[in-house]
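Start from the sequences, fold in the hints, and give me the full structure.
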Amino acid sequence: DSGVTQTPKHLITATGQRVTLRCSPRSGDLSVYWYQQSLDQGLQFLIHYYNGEERAKGNILERFSAQQFPDLHSELNLSSLELGDSALYFCASSVGLGGQRWSERSNEQFFGPGTRLTVL
Amino acid sequence: GQQVMQIPQYQHVQEGEDFTTYCNSSTTLSNIQWYKQRPGGHPVFLIQLVKSGEVKKQKRLTFQFGEAKKNSSLHITATQTTDVGTYFCAEESGGSYIPTFGRGTSLIVHP
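Chains as they are written, first to last, in the numbering used here: chain A, 6 to 125; chain B, 662 to 772.
Read the hints as simulated data drawn from the structure, not as lab findings. Heads up, some of the hints might be wrong.
[Stated by the list, open to error] Label-pair restraints from in silico Cβ distances:
(1) R23/A <-> A729/B: 26 to 34 Å
(2) S85/A <-> R721/B: 27 to 35 Å
(3) Y671/B <-> R23/A: 31 to 39 Å
(4) N64/A <-> V705/B: 16 to 24 Å
(5) Y671/B <-> G89/A: 21 to 29 Å
(6) T688/B <-> R23/A: 35 to 43 Å
C-beta atoms are modelled at their ideal positions from N, C-alpha and C, and glycine is treated no differently.
Next up, the structure:
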């Protein structure tokens with residue numbers, strides 16, 4: 006158990022709908038990262054928040070948005086869903102900002118169990 | 662971000678055989694991280710390599726970072742069925758921490 010929780014575990018919805026995925030980081034971790042994992046694209050970084058502020062964006066579609074709340078939990082909102090959005094969505098947390106090179110564990114990210122989204 | 666190419670995509674081994682997966686980049690990497698994802702599970706951080714030519718060991722796992730910091734490898738000695746999973750390398754890009762993952766190598770261990 007990584008200490009990162011994600012809800013829901015599974016989500017089945019229809020095209021055009023909107024869903025919200027939730028992530029609670031490990032206690033004390035200020036950074037939350039969102040990833041999308043699909044068979045054909047592998048593990049893709051979506052977005053990174055640190056202490057409530059957006060720090061970096063990856064390959065995140067405009068239909069997707071995220072935020073990190075004062076209690077540090079984060080939500081990923083996916084709207085106008087398409088069949089191709091079906092994937093596993095992971096969040097991960099870490100203590101710091103990332104980009105730390107002072108030790109072999111300094112950029113360690115702890116992944117949650119993921120939310121499997123199926124768009125029909 | 663940069664792209665790291667990871668090979669092979671799949672590797673079947675008999676239990677007890679060794680296994681190696683490689684990550685290669687056309688540009689110099691700041692650091693490289695390795696993760697393991699068991700079937701149906703989530704990625705689990707294994708290690709980060711930072712220094713040129715670095716070699717780190719974790720029991721039967723040996724991680725190497727190339728002298729030019731353009732490639733890395735993960736070697737498992739005498740594989741066990743518990744080693745089954747997909748091994749990913751990941752590197753960060755630029756000033757903002759944007760992790761870029763390789764496509765992973767899926768290890769299948771036959772008892």
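Quick rundown of the hints versus the structure:
Taking 26 to 34 Å as the suggested C-beta distance range, the pair R23/A and A729/B does not conform, at roughly 47 Å. Range check, S85/A to R721/B: about 47 Å between beta-carbon atoms, so the 27 to 35 Å window is missed. At roughly 37 Å, the beta-carbon separation of Y671/B and R23/A lies within the given 31 to 39 Å, and the hint holds. Judged by the Cβ atoms, the range 16 to 24 Å given for N64/A and V705/B holds: they are separated by roughly 23 Å.
Remark: the range hint 21 to 29 Å for Y671/B to G89/A is upheld by a beta-carbon distance near 24 Å. Checked against the hint of 35 to 43 Å, the C-beta distance between T688/B and R23/A comes to roughly 39 Å, which is consistent with it.
Checked against the numbered hints given earlier, this structure breaks hints 1, 2; the rest are met.
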